[in-house]
Amino acid sequence: MNYWLVIGVSFCYLALLFGLASWAETRSAAGKSFVSNPYIYALSMAVYCTAWTYYGSVGRAATSGLEYLAIYIGPTLMAPLWWVVLRKIIRICKVQRITTIADFISSRYGKNITLGSIVTVVCVLGVIPYISIQLKAIASSLSVLTSTTMEAEAFPDTSFFIAIGLALFTIVYGTRHIEATERHEGMVTAIAFESVLKLVVFIVAGVFVTYFVFNGFDDIMAQAVQLPDFEELMTFRSEGGYGEWFWMIFLSMLAILFLPRQFQVAVVENVNEQHLNKAMWLFPLYLFVINIFVLPIALGGRLLFAPGSIDADMFVLAIPLSQGQGVLALLVYLGGFSAATSMVIVATIALSVMMSNNLVMPLMVGTPYFKTGNQDRLTRFLIYSRRLCILLVLVLAYLYYKGVAEYYSLVEVGLVSFAAVAQFAPAVIGGIFWKEGTKGGALAGIIMGSVLWFYTLVVPSMVGVSMLPTSVMSEGAFGIALLKPFELFGLQGLDYISHAMFWTMSLNTALYIGVSLLSRQTSQERNQAEVFVDIFRYSTVYESSIIWKGTAYLPDIRSLLISFLGEQRTESALQTFHRKYPAPESETGLADPKLVTYAEKLLSGVIGSSSAHIMVGSVVKEEEISIDEVLDILRESQQLISMNNELRRKSKELRLATGQLRSANERLKQLDELKDEFLSTVTHELRTPLTSIRALSEILYDNPELEREDQEHFLQTIVKESERLSRLITQVLDLERFESGKQELNIAPVQLREVVKESVEALERLIEEKGITLVVDVQQNLPPLLADRDRLIQVLVNLISNAIKFCNPEQGEITVSGYWIDGQVKVNVMDNGKGIDQESQEQIFDKFYQARNQNIRKPEGSGLGLAICKKIIVSHKGRLWVDSEPGKGAKFSFTLPVNVPVPAAKA
Amino acid sequence: MKQEKEKLKILVVDDEPSILMPLEFLMRKNGFQVFIARNGTEAMESVNSELPQVVVLDIMMPDVDGYEVCRRIREKKEMSGAKVIFLSAKTKEADIKKGYAAGADLYIPKPFSTRFLMEKIKELTGTVSK
Numbered sequence: 001m002n003y004w005l006v007i008g009v010s011f012c013y014l015a016l017l018f019g020l021a022s023w024a025e026t027r028s029a030a031g032k033s034f035v036s037n038p039y040i041y042a043l044s045m046a047v048y049c050t051a052w053t054y055y056g057s058v059g060r061a062a063t064s065g066l067e068y069l070a071i072y073i074g075p076t077l078m079a080p081l082w083w084v085v086l087r088k089i090i091r092i093c094k095v096q097r098i099t100t101i102a103d104f105i106s107s108r109y110g111k112n113i114t115l116g117s118i119v120t121v122v123c124v125l126g127v128i129p130y131i132s133i134q135l136k137a138i139a140s141s142l143s144v145l146t147s148t149t150m151e152a153e154a155f156p157d158t159s160f161f162i163a164i165g166l167a168l169f170t171i172v173y174g175t176r177h178i179e180a181t182e183r184h185e186g187m188v189t190a191i192a193f194e195s196v197l198k199l200v201v202f203i204v205a206g207v208f209v210t211y212f213v214f215n216g217f218d219d220i221m222a223q224a225v226q227l228p229d230f231e232e233l234m235t236f237r238s239e240g241g242y243g244e245w246f247w248m249i250f251l252s253m254l255a256i257l258f259l260p261r262q263f264q265v266a267v268v269e270n271v272n273e274q275h276l277n278k279a280m281w282l283f284p285l286y287l288f289v290i291n292i293f294v295l296p297i298a299l300g301g302r303l304l305f306a307p308g309s310i311d312a313d314m315f316v317l318a319i320p321l322s323q324g325q326g327v328l329a330l331l332v333y334l335g336g337f338s339a340a341t342s343m344v345i346v347a348t349i350a351l352s353v354m355m356s357n358n359l360v361m362p363l364m365v366g367t368p369y370f371k372t373g374n375q376d377r378l379t380r381f382l383i384y385s386r387r388l389c390i391l392l393v394l395v396l397a398y399l400y401y402k403g404v405a406e407y408y409s410l411v412e413v414g415l416v417s418f419a420a421v422a423q424f425a426p427a428v429i430g431g432i433f434w435k436e437g438t439k440g441g442a443l444a445g446i447i448m449g450s451v452l453w454f455y456t457l458v459v460p461s462m463v464g465v466s467m468l469p470t471s472v473m474s475e476g477a478f479g480i481a482l483l484k485p486f487e488l489f490g491l492q493g494l495d496y497i498s499h500a501m502f503w504t505m506s507l508n509t510a511l512y513i514g515v516s517l518l519s520r521q522t523s524q525e526r527n528q529a530e531v532f533v534d535i536f537r538y539s540t541v542y543e544s545s546i547i548w549k550g551t552a553y554l555p556d557i558r559s560l561l562i563s564f565l566g567e568q569r570t571e572s573a574l575q576t577f578h579r580k581y582p583a584p585e586s587e588t589g590l591a592d593p594k595l596v597t598y599a600e601k602l603l604s605g606v607i608g609s610s611s612a613h614i615m616v617g618s619v620v621k622e623e624e625i626s627i628d629e630v631l632d633i634l635r636e637s638q639q640l641i642s643m644n645n646e647l648r649r650k651s652k653e654l655r656l657a658t659g660q661l662r663s664a665n666e667r668l669k670q671l672d673e674l675k676d677e678f679l680s681t682v683t684h685e686l687r688t689p690l691t692s693i694r695a696l697s698e699i700l701y702d703n704p705e706l707e708r709e710d711q712e713h714f715l716q717t718i719v720k721e722s723e724r725l726s727r728l729i730t731q732v733l734d735l736e737r738f739e740s741g742k743q744e745l746n747i748a749p750v751q752l753r754e755v756v757k758e759s760v761e762a763l764e765r766l767i768e769e770k771g772i773t774l775v776v777d778v779q780q781n782l783p784p785l786l787a788d789r790d791r792l793i794q795v796l797v798n799l800i801s802n803a804i805k806f807c808n809p810e811q812g813e814i815t816v817s818g819y820w821i822d823g824q825v826k827v828n829v830m831d832n833g834k835g836i837d838q839e840s841q842e843q844i845f846d847k848f849y850q851a852r853n854q855n856i857r858k859p860e861g862s863g864l865g866l867a868i869c870k871k872i873i874v875s876h877k878g879r880l881w882v883d884s885e886p887g888k889g890a891k892f893s894f895t896l897p898v899n900v901p902v903p904a905a906k907a
Numbered sequence: 001m002k003q004e005k006e007k008l009k010i011l012v013v014d015d016e017p018s019i020l021m022p023l024e025f026l027m028r029k030n031g032f033q034v035f036i037a038r039n040g041t042e043a044m045e046s047v048n049s050e051l052p053q054v055v056v057l058d059i060m061m062p063d064v065d066g067y068e069v070c071r072r073i074r075e076k077k078e079m080s081g082a083k084v085i086f087l088s089a090k091t092k093e094a095d096i097k098k099g100y101a102a103g104a105d106l107y108i109p110k111p112f113s114t115r116f117l118m119e120k121i122k123e124l125t126g127t128v129s130k
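Protein chains in written order, with the UniProt record's numbering: chain A, 1 to 907; chain B, 1 to 130.
The hints are simulated quantities; they were obtained by calculation from the structure and are not laboratory data. One or more hints might be untrue.
[What the hints assert, rightly or not] If we take Cβ atoms under 7 Å as the criterion, some of the chain B residues that face chain A in the derived model are: (1) P22; (2) S80; (3) G81; (4) I108; (5) K110.
[What the hints assert, rightly or not] Below, computed lysine-lysine pairings styled on DSBU-like, alpha-carbon distance capped at 30 Å: (6) K97(B) x K675(A); (7) K669(A) x K29(B); (8) K770(A) x K669(A); (9) K29(B) x K877(A); (10) K669(A) x K652(A); (11) K29(B) x K7(B); (12) K669(A) x K757(A); (13) K435(A) x K669(A); (14) K847(A) x K29(B); (15) K847(A) x K7(B); (16) K7(B) x K669(A).
[To be verified] Not the full set, but computed from the structure, chain A residues with beta-carbon under 8 Å of chain B: (17) G514; (18) D592; (19) R687; (20) T691.
Note that the Cβ used here is the ideal one computed from N, Cα and C, for glycine as well.
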C-alpha cells in the first residue's frame, strides 16, 4: 500500500479527532455537555486498552497462550472495589483540586515537594517505555501495511516523525487551558470515540479471520490442535505458572488505578461520582468483548504464517493483508493507530502536568526572581513548560524505543511500566485508609520500590541491548552473586515479573509501614492525613477544616490569584467564596484564614499543591501550629457535621421515646383497666353474700312468726354466706400480697407425703359425705421439698376440694399422686368429672374466671382459688397446669424443683 | 281458684340461690304468684309462658344478661304493661343509666332493703295498701 496514502490517512484521522474535540468543547460551552454521562466515562476508561491490547495481546497469545488474559482479569477484579477506593480518590481530588497522582501523593504527605518530584520522576521513567511501545506499534504497523522495512539505524526515521507529530498534536490539543482541573471535555470525547473505533475494528477483524478466512471457532481450534505447542498454549504452565498469574493479576489491579493516564480519565475527568456505578460493569464488559477474538486471531496467524516470517504482534494486520483485503487492513491500521494515539495523548498530558507542577514550578517559585515579583509571568511560563514537557516525553519515548523497546515485545515493555506505577500503591492506599502513614514512610517505600524496580526490570533490558555488560546478569553487579537482577538475594524459581513484584512490593510496603510507625508527622501532614482518610466527612466543610494560622492581607492574595487566574476569574472566585462564607470586610484588610485555604486550593488546580503552598506562603505570614492545635481545630470543624448528625439522631431518639412513652402509657392504662375490673368484680362478689345476708336478716326481723324450720334454714344460709364473705376477703388479700410481691414464703424442708396426708385429712369428712373413692399414691423416700408448708397445703386443699365439687356426682373418684421425675417433684390431682374444654383450660387460672358452662360453675367459691394456687406454685418456681378432655375428667398437675443435696434435708 | 287468679304474677331472676331464696319468700308473703329463673334463657321462657306483670331482674348472669332480657321484654307487645325492676350489684352511674335505657322502671342496687323493695313494687303495681 502506498506509504504516503497511509501517512495522509493518519493525519486526516488526527484532524478528525481534533474536529471532534472542538465540537465537543463548543457543545459543552453551550451547556449541552456531551461528556457528562456514564457511558462516555466508561469508554474513556478504555484508554487502558492500548496498542498493547490491540497488537500485543495477539502476539502474547500466539507465543505464550492464555497468559495474555491476566492483565484484563486484574482490572475486572478491581472494578467492584472502585466504589471503595476510586470514589474516595475522586472525592479527595475534587475537594483538594488535585490533578495528578504525583500531586495526590505529595498532598497527602504534607504537600511535600521532594515526594512530588520523586513520584513524577518514577512516573516519567515508568511510563516512557509504555509510550515507546505505542510508537513502536504505529511504526511496525505502518511498515507491515506499506511493506517497507524499518531501518533500525536510520535517523530521522518514520517513527521519529510520528513522535514529533503526536507531540505537536498533543500540545495544540492539551495545553490550551492552563488550569489542569478544568476538565478536558474535548479530549475525553475523542478518547471515547477512539475506544469505540478500536473495539469495532478489532471485532470486525476478528470476525473476518474467524468466519471468512476460517470456518468459525471450531475450525480454527480443530486446525490449531496440530500446532506442536498447542497444548502448552492452552494450559497453565504447571511450574510457577500460578504464581505468575497471581502477580500479573495483582500488577494490573494496581495499574488500572495508578497509571497516570488512568488517573487522568478516571479521576480528573470524572464529572459525577455516580458514573462509577455504571463504569464498574461497563468497563469490564469492554475488556471482555475486546478479548473475544484475540485467541482466534493469534491461532489463525500461527496457522497461516510460517514461524518467524511475521512478528506475532502484527498478526491482526498481517492476516487481512495476506488475504488481499486492503481496505480492511487500512481500517485495522487505523484502529491500532487510535489505540496508540489515545494512550499517548492522555499519558503525555498527564505527565506534562505532573512535570510542570511538581518539578518545574517548585524550582521556579523558589527562585528570587519569582519570589519577589514577576508572578504575572509565571502563567505563560507554565504553559511553555508544559509544552516543552510534552515534547520531552515523546522524544524520550522515541529514544527508548530506538534504544531498547525495539528489541522487546510490546507486552514485555508494557509490564515494566505497570510495575513502576505499582510502587505508588502502599503510599496511596495507605494514605487514604491509614492516618498514621508519614511522609518518611512514603518516601522510603517509593524510593526503595523504584530502585529495586529499576534494578530488576530496567537493568536487565539494558543488558539485553548491550548497554551494560552481560556479566551483570550472570554474575550479579560488581560480581556479587546475591545481586543478580533476576535472582536478587538468592531468590530463585520465579519468572522475572513475579520476582520483581515480590521484591519491590514487599520491601516497599514494609518500609512504608515501618518508617511511618517510627517517624512523626508534622502538623500539616496530620491535617492532610485527617482530611484524606475522612474525606467523606470533611468534603462539605473543607475550607473550614483546613488549618491555617497566620497573618494575610486580602490585597496580596487577590493579586496573587489575578496573576494566575486573571482578573475576571479571580473576582468571580472571590465572590463565590464570600457568598459561601459571608463575613464583613475587615477594615484592616486582613484576610480570613479560610480565604487563604481557598486561594491555595484555587492555585493548586493551576500549579499543583506544593507549588501553590509555596506561592501562598510567599504573600502571607504563616505561623507554625502544633499538632494538638490541628487536632483541636479539626475536631471543631467535625463538630459542625456531627452536631448536625447529633440533631438528626436526637430527633430520631425523641420520636422513639415518644413511641415508647405512648406504649408505656397504653400498658399503664391497660393495667389500670385490669385493676378497675378486678375491683368492680371484687365488690360485686362481696355484694352478693352481703345482699343475701341483709335480706334474710330483715325477713327474720320482720317476721317473728316464721316457722322454726324456715328460721333455721335462713339462719344457716346467713352463716354460710358470712363464711363466704370472709373467705373472699382473705383470698383477695392473699392474691394482692402475691401480686405485689409482699407475700413471703416460709421456706423449709417439707415431706410431700406428710403434706398430702394433712390436706386429705382436712377434707376427709366431705369426701366421706359424698361417697367419693379417694386414692392417695405418693412415692416413698422422696427427697424433701424446699417449700412453704402451709401454702403447699393451701394449694392441695384447693385442688382436692375442686375435685370433690366437680367429680362424678354418683361414683366420684379422686386420685392424688406424687412422684419424682426429671429432677423435680410432680403432684397430680385427678377427678372423674365432666372435664374442662380446651379453651377454658388456660382461663380457669385467671381471677374470677367464670366457666361459660353454667353446669360446671363452682356452686360456691370465689373464683380466686386457682389464681392463688398458680401464684403460690409459681412463687416456688414451679408450674401448675391442667390436662383435661370434656367428659373424661380433669387432671391438675404441678411440679416443684428439688435441690437435691440439701444439707438440712433430714428435718 | 278465683283468689289465685287475682294474684299478680311476678318473675324473679337471679343466678345466686342465696339471693333467690329471700326474694321468693318475700314475694310469696306479699301475695304474688312467684316464678323463678336462674339465668336469662330461663327468664325469657318464663316471660313467654306466664306473661308476668312484674319482673325483678339481676344483671350479671352467665348467658343472656339482664339488660338484654329487659330489652326483649320491652319488645314484646303482650308485656307492654309489665314493670321491670333491676336488682343488681352493679352500682356505677353508667350501669344504672344503661338499665333505664334498656327500659327498666326502677334500678335498685344490691344489697337492698326488703321493705324498700316491696314498697316500690307495690307503688308500681298500684296495689298500695288500701
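Now the hints, each set against the structure:
no. : hint              : result
1   : P22               : holds (4 Å)
2   : S80               : violated (30 Å)
3   : G81               : violated (27 Å)
4   : I108              : violated (10 Å)
5   : K110              : holds (4 Å)
6   : K97(B) x K675(A)  : holds (23 Å)
7   : K669(A) x K29(B)  : violated (49 Å)
8   : K770(A) x K669(A) : violated (47 Å)
9   : K29(B) x K877(A)  : violated (57 Å)
10  : K669(A) x K652(A) : holds (25 Å)
11  : K29(B) x K7(B)    : holds (12 Å)
12  : K669(A) x K757(A) : violated (45 Å)
13  : K435(A) x K669(A) : violated (55 Å)
14  : K847(A) x K29(B)  : violated (39 Å)
15  : K847(A) x K7(B)   : violated (44 Å)
16  : K7(B) x K669(A)   : violated (52 Å)
17  : G514              : violated (85 Å)
18  : D592              : violated (73 Å)
19  : R687              : holds (4 Å)
20  : T691              : holds (4 Å)
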